[in-house]
Structure formats: structure tokens, C-alpha cells
Amino acid sequence: MSEALWGPGARAKTSLDMVALRQAWLLAVNDLRQEARDLELILTSTFFSLVVLIMLGMSFSALGVSSQPLAVPGMLWLSVAFVGALTLGRIFTREREFDTLRALLVAPVERVSIYLAKAFVTMVILLGCSLLTVLGLTLLFPAAQPFADRPLETFALVTMGCTAYAGVGTLFAAGLASSSGKNVLLSVILYPLTMPSLLFALVATRSLLEGHESFTTYLGQLTATNVLAFVVGAWLFEPVLVGVPQKRRGAARAARRRR
Amino acid sequence: MIEAEDLRKTFGEVIAVDAVSLSAPDGQITGILGPNGAGKTTTMRMISTLVRPDRGRVRVDGHDAATEPSAVRRRLGVLPDARGLYPRLTARENVEYFGRLQGLDEATLRARVDRLIERLELAEVADRRVHGFSQGERAKVAIARALVHEPQNVLLDEPTNGLDVMSTRAMREVIRGLRDEGKAVVFCSHVMQEVSALCDTIIVVARGTVVAEGTPDALRAQAGTTSLEDAFVSIIGTEEGLVA
Chain Y
1 MSEALWGPGA RAKTSLDMVA LRQAWLLAVN DLRQEARDLE LILTSTFFSL
51 VVLIMLGMSF SALGVSSQPL AVPGMLWLSV AFVGALTLGR IFTREREFDT
101 LRALLVAPVE RVSIYLAKAF VTMVILLGCS LLTVLGLTLL FPAAQPFADR
151 PLETFALVTM GCTAYAGVGT LFAAGLASSS GKNVLLSVIL YPLTMPSLLF
201 ALVATRSLLE GHESFTTYLG QLTATNVLAF VVGAWLFEPV LVGVPQKRRG
251 AARAARRRR
Chain U
260 MIEAEDLRKT FGEVIAVDAV SLSAPDGQIT GILGPNGAGK TTTMRMISTL
310 VRPDRGRVRV DGHDAATEPS AVRRRLGVLP DARGLYPRLT ARENVEYFGR
360 LQGLDEATLR ARVDRLIERL ELAEVADRRV HGFSQGERAK VAIARALVHE
410 PQNVLLDEPT NGLDVMSTRA MREVIRGLRD EGKAVVFCSH VMQEVSALCD
460 TIIVVARGTV VAEGTPDALR AQAGTTSLED AFVSIIGTEE GLVA
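Just so you know, the sequences run in chain order Y and U. If you're matching positions, the first sequence starts at 1 in this note's numbering and goes up one per residue. If you're matching positions, the second sequence starts at 260 in this note's numbering and goes up one per residue.
If you're looking for bench data, these hints aren't it; they were derived computationally from the structure. Please note that the accuracy of each hint is not assured.
Distance windows between CB atoms, simulated [what the hints assert, rightly or not]:
#1 Y:Thr93 with U:Arg378: 24 to 34 Å
#2 U:Asp373 with Y:Asp17: 28 to 38 Å
#3 Y:Tyr191 with U:Thr474: 57 to 67 Å
#4 U:Arg316 with Y:Asp38: 37 to 47 Å
#5 U:Asp423 with Y:Phe47: 38 to 48 Å
#6 Y:Val231 with U:Pro284: 41 to 51 Å
Glycine residues also receive a C-beta, built at the ideal position from the N, C-alpha and C atoms.
For reference, chain U alone in the conformation it holds in the complex (with noise of 0.2 Å):
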């Protein structure tokens, strides 16, 4: 479970995110919507321990963010915006060395690593190097190293950005299916479609702040809208920055 209450976050005079406060329980997909420059990655960063908030406090399974970064991070699974592999490096290579920075031992590195490559149709690139891959090979193999040291929470920033539809359902069924192992999946994204195809709750946040909260039947109640895209607009007041 995550929890993030009071966040703040500034970059000199800019105030990138204020007062946002969260909770993502077990078995639960919750989502982040906002414009871009809302404050969901920085938020992700504060989460994920890259970036330390001003104000606010984040806890990962009970531990603190700030005073227990090492546990918090061994508890997570991060999938960046940039996904950040090593082009040199094969994709079972690129997974393998994070596994091992987790701690994992070569048994039981070898037997999850086939068990990621299986699971997420990377066999017939497992073994070339990552230079070269398509986006959605390398979001693919990204997701086989958050996930390699089988963490109960996940974190995934704009998990289907720049992928085309078959990777982007493959990717959906992943996340489901996190989901259905009884993990904590927090994804942020600006495309709507996803985040009302994939999540139980939530969080809408515009210019720093959380403006809304709920399940998407919530937020149309709200809204007073029949339609997700038509509540998004009427909570941020604004269509800019976001996708259908």
C-alpha cells in the first residue's frame, strides 16, 4: 500500500505540486489524470524516493520514505517515463543486473527472469541487445525489470506512451493482471482512454494540486456528466494538455 499525504514540491519559484495527498490500496489500480505540467511525475519521483518533497510524507508498507528509503525502494517497482536501459546490453542482461542489484540470488534470478520473458512475449528478443528495440520492446523489458524482484507495489509512468495498440493491450493485460496478484499498481498518464480503461480510482490533479478523487462513476457524478472525457474537462477546467 502507498501513501502520500501533503506532498509539496518546488523548483525555485515554480510550485510543481502542492498539498497532493494519496492512498493506493493492495489489488487496486489507481490512477493519477492530469494535463502535462500537472505534477504526476514529480509525485512519482516523491514516491519512488528520487525526489524528496518539501513538505509531506510518503509511505510504502508502512515505511517511511524519508527515513527508510532503502525498504521503501525494495518494496517498489518502478517503470520510468524514460525507461532507462542500457542499449548495450542484452534485454535478459538488462534484467538480470537489476535482479541483482536487488539481492536476488542466481537460482532464483534465472527462474524469474524466464518467467518475466515468458509472460510478457519476450522471448525471441531476449537474448539481443536492447539497441535497436521498438517502444514497446523496451517498455516491455522495463516492466520485466521493475517487477523482477517481485515487489508489492508498482509504479508506472506513462506506461503505454508511444506504443501502438497491440503493445498497448498487451501492456493493459500486465497491469491487470498486477492487479489481480493483489498488488498496489499506481500508473500516471495524461491519456484519459487508459485511465478510465484501467483504473479503480482516480486521482485527478491539475497545476500541482489533487482537484479530484474517485472511482470513474464518481468523478461522472460529480461532474454531472455522462461522459469520463466530458468530467475530466468540467474538474480541470481545461481540455489542454490532456488526451482522449
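One chain only, chain Y, in its complex shape (with noise of 0.2 Å):
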């Protein structure tokens, strides 16, 4: 094993964290060239992207340019709320259909690994449909229009957004790949934990088409809320993947019953 980039010999040289960014980046590159061979994911999400957009203009075209701030951001963050659900519920697919999970879990990969590789997809997915949306409310809407005016901006709030977004996600969507998931259980948990990200992202978004200069402080709360999503998704991403070992299961059982 001495070829190892890490393994018993080289474990000393290549500390931990470094190995699991590089066992995280192998498994978002494999998820990204299997996901550019057929474009499944992709697809799917774009063409809702646009069906939702469509929608939307249709729906609101006549909305005086003076609602259209406090419109726009709800129209914006609705569709990544839609967008990222379609996206979680078929992250995990690969591994579900054709039991490759198995293989990965008996392999030296950190879980964490995985957790941030599938969180990175489903942020990269994200994130491409965001952007079409972004683009699609500024042709359609007039006061979408600072979206164009201060680009970095918008795409550090949609990037956080979705940052967000799929760190708290990614952690549910694990939950559908074990036996045990539930599809339900997505959209019961998955909405009202990824609430509080969605709404420091709406109220950032308003900040921004209405130029406060409180803008700045709503995208550090977001970001806040994103350290924090993924602190708690890595430590709880092992017991959702692969389960609490049934005498933990017994002790917690046990302890309930004293009380």
C-alpha cells in the first residue's frame, strides 16, 4: 500500500479532512460525468425551471412594476423550493437502482465525503436552474432588473440560497436512499427545515431589487445559516444513511421508559 494517497502508510502524511475533500470531489466528478452522459437530472430541472417560469409570467404579467419587489423574490425562491425537491428526490437514485451504495459504503469513503459530494451536485443543479430563473424574472419583470444591474451580488445570494438549500436537502434525500426512507418523509421534513434558509433568502432578495444597503447583513445570516445546515447535515448524514445500530436503538428505547 505504499502507492497509497492514503491508506495505512500514507495516513500520517494526508490528514483526514484533506482525504475527505478529495474522496468528495472523486464522487461529485463521478456524479457529474454520469449525469453528463444522460442528462437526466438536468434536464428534468431545467425544463420545470422554465415551466414554472412560463407560469409565472403568465400568471403575474400585469402586476404593477411597484408589487413586483415583493413578488419577484417570493416567485424566485418558490421555484428553487420546487426545483431543489425534484432535484433531492432523484440525487440518491443511482445509488437506489442499482445498489452501488453498498459498494461505496464498504470502500474507505468518509461519509462525510459522500454527504458533501451529493450536497455539491444537488447545489450545482440548483444553482444552473436558479440562474435561469433569475434571468427569466429580469426579461419578464422591470423591477427584477437590479438582478442585471449588480450581478455578483445576485449570484452570491442565489449561490447561498442554494447552498443552503442543498446542504439541509441532501441530508432528507439520504434518509429515501436507505431502506428505510420514506418519499414523504422529503417534503414533511425537507420544507419546514429548509424554511428559515428560504426566508433569510427571500428577505435578502427584496433588500437587494429595493436597494438597502441591509443587503449585506441579510447574506451573512444566510451564510450563517448555511455553515450551520452543513455542520448538522455531516454529523447527522451517517445515522440517516446507514441507520442507528439496533442496541443504541434499545438504550434510547430503555431510557424512554425509565423516564
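Assembling the complex is the task here: the two chains are given apart, and the hints tell you how they should meet.
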């Protein structure tokens, strides 16, 4: 094993964090490579975003310019929430359908790497769809013009919003990949838990459209929710993915009975 | 070397494995034989760190699976029962992907993948996508993936399941080759012919527990029969779930 980049001989040279990051990168590249070959998720999410955009445009085209800064943030983040649920529902599909997750779990792959890779892929797809939605909203609604005028802020906002959503959502998508996962959990648990991030993103977007100085404060808060989402997600990912051993569950039940 | 001690695993009220202990030394093929639902796959999953036992412990080359799971995984090559290959990747890409995850550098990886492709006679299909592969080709690719990091211990879950005669013979040669290289090979099967043809030691599992253990000759002597098949039936107490 002397030629291994990590392994018994290389462990001292390569820190665990670097190993996890490198593995996360390999996992994400593999997912994106397969996605590039069949475009299953990308096409589904993109067409869904376009349909939502057309429906929003047709429904709200008569909205007055003064009301648009109130409505456009809702349109953007509602679209992200729907596309996110669609993406997350399928992010572990390859592992589930072809049973590759087991092969992955018996390899010396850090569980946090799988979480980071899946969150990254979700974020990339979500970001692409969100940018498409932003472009459409800018074309359809005059009040969304600040998106075009302040592209860096817009990009930072959309990236932060999508990252937070992916961070929380990937954890629950992992629950679907395990045999105990139930699809209904994604909607029942995902939406309430992503609500804080979506609300911060919503308020920050309105602040951006109205040109308030508070935008950077809201963006900072959104970043903080990102950090929180990823810390909690990384911490809980393994129990969600592979389950809690019976003994621990038994101990927890016994503790509840004692109380 | 793989050592399991007093393993127990329950799923809800069902006791899948209870008090299973086994030792698989280097340079030997240890077979776990039992009818369907006997607890073979659950035992394999506990050894491969996929399932945590409720009780007992697993050690691989002296590393404890509960406290050093990564060290154990690095020393194991696992062929899961479902194979688990990415159909949109080629055979070569599937093996290379797992080699990279094992931390192999590119030069070593390429050399090893080429060697495995030659050894497993996969050259014709190596650069084709796995989608559409036969069962035998899938099994070979999955074996190559399990061996790419040259593990000292190999776990094979129903390695010849669904294979035709030629593929089964080829797979047996590969398994014997691993033993001759000094690796500890554990494989589970419900096919008696497989186990008796390959194994140095046989562990017979029924209803989640070990009911007999020994060489094929020792098992025949224990059961007082001349045929291994009769010995298995006598030890297990039923023919149900076993394939001759």
C-alpha cells in the first residue's frame, strides 16, 4: 500500500480533512460525469424551471411595477424550493436503483465525503436552474432589473440560497436512499427545515431589489445558516444513511421508558 | 485474517444472527454455507462494516471494525450480492473510480486495472458501458473493483450467483488464485457444490447460528455420512433453501 495517497502508510502525511475533501471531489466528479452522459436530472430540473417561469410570467404579467419587488423574491425562491425537491428526490437514485451505495459504503470512503459530494451536485444543478429563473424574471419583470445591474451580489445571493437548501436537503435525500426512507418524509421534513434559509434568502432578495444597504447583513445571516446546515448535515448524515444500531435504539427506548 | 466473535444482529423482533463466531485465516478459503435466510449475508455485512452488530466484535488483520472501520475497509475487498456497478460507466471506469477512492495514484491505478482486466479476461468489454453486460461480466467487473487495491482479505457474497458454467469455472479459478496468493477469502453461498469444491473450512449456518464448522471431511465424519450433501442436510435438519 506504499503507493496509496491515503491508507496505512500515507495516513500520517495526509490529514483526514484533505482525504475527505479529495474523496468528496472524486464522488462529485463521478456523479457529474454520469449526469453529463444521460442529462436525466439536468433536463428534468431545467424543463421544470422553464415551466414554472412561463406560468409565473403568464400569471403575474399584469402586476404593477411597484408590487413586483414584493412578488419577484417569492417567485424565485418558490421555484428553487420546487426544483430542489425534484432534484433531491433523485439525487440518490443511481445508488438506490443499481445498489452502488453498498459498494461505496464498504470502501474506505468517509461518510462526510458522500454528503459533501451529493450536496455539491445538488447545489450545482440548483444553481443552474436558479440562474435560469433569475434571467427569466429579469426579462419578464422590470422590477427584477437589479439582478442584471448587480450581477455579483445576485450570484452570491443565489449561490448562498441554493447551498443552504442543498445542505439541509441532502441529509433527507440520504434517508430516501436507505431502505427505511419514505418519500413522504422529504416533503414533510424538508420544507419546514429549509424554511429559515428560504426566508433569509427571500428577505435578502427583496433587499437587493429595493437597493437597501441591509442586503449584506441578510447575506451574512444566510451564510451563517449555510454553515449551520452543513455542520448539522455532516454530523447526522451517517446515522440517516446507514441507520442507528439496534443496541443504541434499544438503549434509547429503555431510557424513555425509565423517564 | 478475519475474526468474528459472538456476533448478534436483530431487525426489530427478528433475530437475524445470534452468537456467530468465525475465524478466516490467510491463505485459506472459508465458506459460509446455509439456506436462504440463515444469516449469511447479515454476517458478511457485519464483517464488511456495513451493519453494526448489536453484540460481539469483528477484527480484520487485528483492526476492530467498531473502532477502526476505515482501517478495516482498506483491508477488505468486498463483492456484494447485488454487484452494485454504475451502468453508465464503462467496466474500466467503474474499477478506476473505486481505485481512486481507495487512494491509489494514477500510475499504480492504471497498471493494476490493466492487470485485472487481463487476469479476468475483460479486455473485450473493458471500454464498454456496463449497461447490457451479462451476469458473468458484471461479476467479473465487481471482482476487479473489489481487488483493485490489493486487499489482504476478500469477502465474496454469492460470487457465482446467476453465472453460466464457463463463468462459474472462471470465477472459481479466480477465487483459488486469491487463496494461493495468501489472502484470506470468505465466501458465502447456499450452493453446496460451490462450497465443497472450493473451501478449506466450511461454517454451516442455520437460523442465525453456527451449527457446524470444519473441513469437508470433518463435517462428513461429524454427520456420519459419506456424502457432503447428506452431511449438510443432517446438520441443518432440513433441505429447504439449499441448492446441491
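Evaluated hints:
no. : hint                               : in the structure
1   : Y:Thr93 with U:Arg378: 24 to 34 Å  : holds, 33 Å
2   : U:Asp373 with Y:Asp17: 28 to 38 Å  : holds, 32 Å
3   : Y:Tyr191 with U:Thr474: 57 to 67 Å : holds, 60 Å
4   : U:Arg316 with Y:Asp38: 37 to 47 Å  : holds, 43 Å
5   : U:Asp423 with Y:Phe47: 38 to 48 Å  : holds, 43 Å
6   : Y:Val231 with U:Pro284: 41 to 51 Å : holds, 44 Å
Hint compliance for this structure: every hint is met.
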